[in-house]
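Student: Chain by chain, the residues:
Protein chains: 2
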Amino acid sequence: MPQLRKDPVSNRWVIISTNRSKKPTDFMDGYDHEKKGGFCPFCYGNESKTAGEITAIRPSCSAPNTPGWEVRVIPNNFPVLMVEGELNRRGDGMYDMMDGIGAHEVIIETPEHDKNLADLPYEQVQKIIWIYKQRSQDLKNDSRFEYLLIFRNHGAAAGATISHPHSQLIATPIIPKRVFEEYSGAKQYFEYKERCVFCDVIRQEMKDAKRVILENKHFIAFAPFAPRFPFETWIIPKVHSADFMAINEEQSFELAKILKDTLLKIKGALNDPPYNYIIHTAPLRKTDGLFSHWHIEIIPKLTKVAGFEWGSGFYINPTTPEEAAKFLKEVEI
Amino acid sequence: MPQLRKDPVSNRWVIISTNRSKKPTDFMDGYDHEKKGGFCPFCYGNESKTAGEITAIRPSCSAPNTPGWEVRVIPNNFPVLMVEGELNRRGDGMYDMMDGIGAHEVIIETPEHDKNLADLPYEQVQKIIWIYKQRSQDLKNDSRFEYLLIFRNHGAAAGATISHPHSQLIATPIIPKRVFEEYSGAKQYFEYKERCVFCDVIRQEMKDAKRVILENKHFIAFAPFAPRFPFETWIIPKVHSADFMAINEEQSFELAKILKDTLLKIKGALNDPPYNYIIHTAPLRKTDGLFSHWHIEIIPKLTKVAGFEWGSGFYINPTTPEEAAKFLKEVEI
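One line per chain: the protein sequences are A and B, in this order.
Using my numbering, you'd call the opening residue of the first sequence number 1 and step up by one each time.
Using my numbering, you'd call the opening residue of the second sequence number 1001 and step up by one each time.
With the rest of the complex left out, here is chain A (with noise of 0.2 Å):
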């Protein structure tokens, strides 16, 4: 069983990841590597291979399990946290830890194992955030989960270990500390000023201009005025939702274009380059508050993140947001 451990000083948890047990030999030949070429268990004919099929968008003819599927949604076969059991939460000596409940599953976006998200039709990304929706409706019925974290790692330097392209969905007992600091910070100033600090963001880039790289109907992708990474993007809803789960068809769709346009522009731009991007949410608790508002932060993985980072939590961008812009705002797609 996976722990939950509380950092006494930041009270910052971490899971110790028992499923994922690495002894010392196991990092003695340098880095993990994404798989490529062999086998893979997310490629039509290998369904049998993976856990049984949470959900899937099949041909209403097609049984679970067989191909047929254009997304697909199973257990992480080595999931961070289990999804059996109780939190029992307790202390050993002056610190705190509980047992490492949630759930782990993977979103198998295409049976194409070679496309990019970024290559995929409108139509089949809208199709990836409507399982997204539905995945995470289904998860905060479970009373124990506090939140639901949907990521997406591009390429080995990002953390992926299967090329395939799938996403991630972790359902954790806790609400993470990034999480929290953004749903206390936005509180703050909504106390202060009585407005959604991300509504005011949202005001402030249309108006500034030179920073927003793509718009449509309901959603704006723009480089944040503080960015910790070059060519960090974000993409949010140009009228104030504190929750993704509250997206409807017509947003998704328009999501699904700004979305995969502006992977397109990243990829055309930064020759493919790993990536990462989560959803950030509401707490699945906190769902009617009115300064949380969801969005999407895209982050390339140009740049490595050394000692300074680390220690400080002070990041050194070399590339302002503006010129990042301008550069993505300009690439042909």
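Read the hints as simulated data drawn from the structure, not as lab findings.
Quick caveat: nothing in here was measured; it's all calculated off a predicted structure.
Just to be clear, a hint being listed does not mean it is correct.
Simulated DEER-style distance windows between Cβ atoms [to be verified]:
{"id": "1", "chain 1": "A", "residue 1": "N11", "chain 2": "B", "residue 2": "K1326", "range": "19 to 29 Å"}
{"id": "2", "chain 1": "B", "residue 1": "E1215", "chain 2": "A", "residue 2": "E215", "range": "54 to 64 Å"}
{"id": "3", "chain 1": "A", "residue 1": "F78", "chain 2": "B", "residue 2": "E1191", "range": "54 to 64 Å"}
{"id": "4", "chain 1": "B", "residue 1": "R1144", "chain 2": "A", "residue 2": "V83", "range": "45 to 55 Å"}
{"id": "5", "chain 1": "A", "residue 1": "Y192", "chain 2": "B", "residue 2": "K1193", "range": "26 to 36 Å"}
{"id": "6", "chain 1": "B", "residue 1": "H1240", "chain 2": "A", "residue 2": "E215", "range": "49 to 59 Å"}
{"id": "7", "chain 1": "A", "residue 1": "Q137", "chain 2": "B", "residue 2": "C1040", "range": "53 to 63 Å"}
{"id": "8", "chain 1": "A", "residue 1": "K238", "chain 2": "B", "residue 2": "E1215", "range": "51 to 61 Å"}
{"id": "9", "chain 1": "B", "residue 1": "F1078", "chain 2": "A", "residue 2": "D92", "range": "41 to 51 Å"}
{"id": "10", "chain 1": "B", "residue 1": "L1290", "chain 2": "A", "residue 2": "K49", "range": "49 to 59 Å"}
{"id": "11", "chain 1": "B", "residue 1": "P1067", "chain 2": "A", "residue 2": "E332", "range": "47 to 57 Å"}
{"id": "12", "chain 1": "B", "residue 1": "E1249", "chain 2": "A", "residue 2": "N11", "range": "47 to 57 Å"}
The beta carbon of each residue, even a glycine, is placed where N, CA and C say it ideally should be.
Chain A is fixed; fit chain B onto it per the hints.
Tutor: Just chain B, lined up with the frame of chain A:
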């Protein structure tokens, strides 16, 4: 002039480093690599190729910026913050920013290009520590600075771009986010318990004994209870001390011993892995704190940080600290 910009939600400052400005094309050929072989500006005979030395440990007969030194401190050729100027705090619409004022120094740890800090004699490591202290004392006199961050990047994957052994010191005009969190967390604990949280951790660790790797008269090296990374190791003075600068000569020798021995164990156990170490000390204007407790955090770079961690600040560590400590304890050096 580099800029400091504040994220309006999390209140995290970032450095937009115009001195290291990178255009999109600079990222095209993938990662920076550590320069190996060829010209080294940190070797004997190349002193004139760096900015003039700030201080050095050298025989009294030898002139500055000539060979003969044992430890040499120079300004970084590509400083992330500039020492000349005023902060010039200002708004840009709803956003906050200031000029990137600070100091960025390089401590060249030995004239021997191919040595590793772990291979240097205790006496040499002590000299490096003493230089850390001297530079800190000098920079504290500059009232523009709020924090001094001393760190070391070892290996390209940990962010080192020059392989000649060196550490860095960055003086910042703000208290960086992680430092402030540590300070606030320790303060909150002190207000609740009327004890230093780090002193409690030391007592707990010495009692449990299962995470302690090394111990000498003044220090212990241990794997923290909730480490973010495999083989994360902290070195901490046993007796309460807020401020690294308060270290005396005897303590500095004990620190040199435990630092070198810990790094040697990590090198031996994990095949000379890339790592970062960072000295955590009290904010400059709060060095009389009852609850800050300085220490060194050593982070071997064995895993990749992926979307889940970036998005959540919630780290997945595949190695228990008990296993890591046991393994390092048993490594013969």
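Student: Taking the hints in turn, state whether each one holds.
Tutor: Structure-based check of each hint:
no., hint, result
1, A/N11 - B/K1326: 19 to 29 Å, "27 Å, holds"
2, B/E1215 - A/E215: 54 to 64 Å, "60 Å, holds"
3, A/F78 - B/E1191: 54 to 64 Å, "41 Å, violated"
4, B/R1144 - A/V83: 45 to 55 Å, "52 Å, holds"
5, A/Y192 - B/K1193: 26 to 36 Å, "31 Å, holds"
6, B/H1240 - A/E215: 49 to 59 Å, "55 Å, holds"
7, A/Q137 - B/C1040: 53 to 63 Å, "59 Å, holds"
8, A/K238 - B/E1215: 51 to 61 Å, "58 Å, holds"
9, B/F1078 - A/D92: 41 to 51 Å, "45 Å, holds"
10, B/L1290 - A/K49: 49 to 59 Å, "58 Å, holds"
11, B/P1067 - A/E332: 47 to 57 Å, "55 Å, holds"
12, B/E1249 - A/N11: 47 to 57 Å, "36 Å, violated"
This entry does not satisfy hints 3 and 12, going by the numbered hints stated previously.
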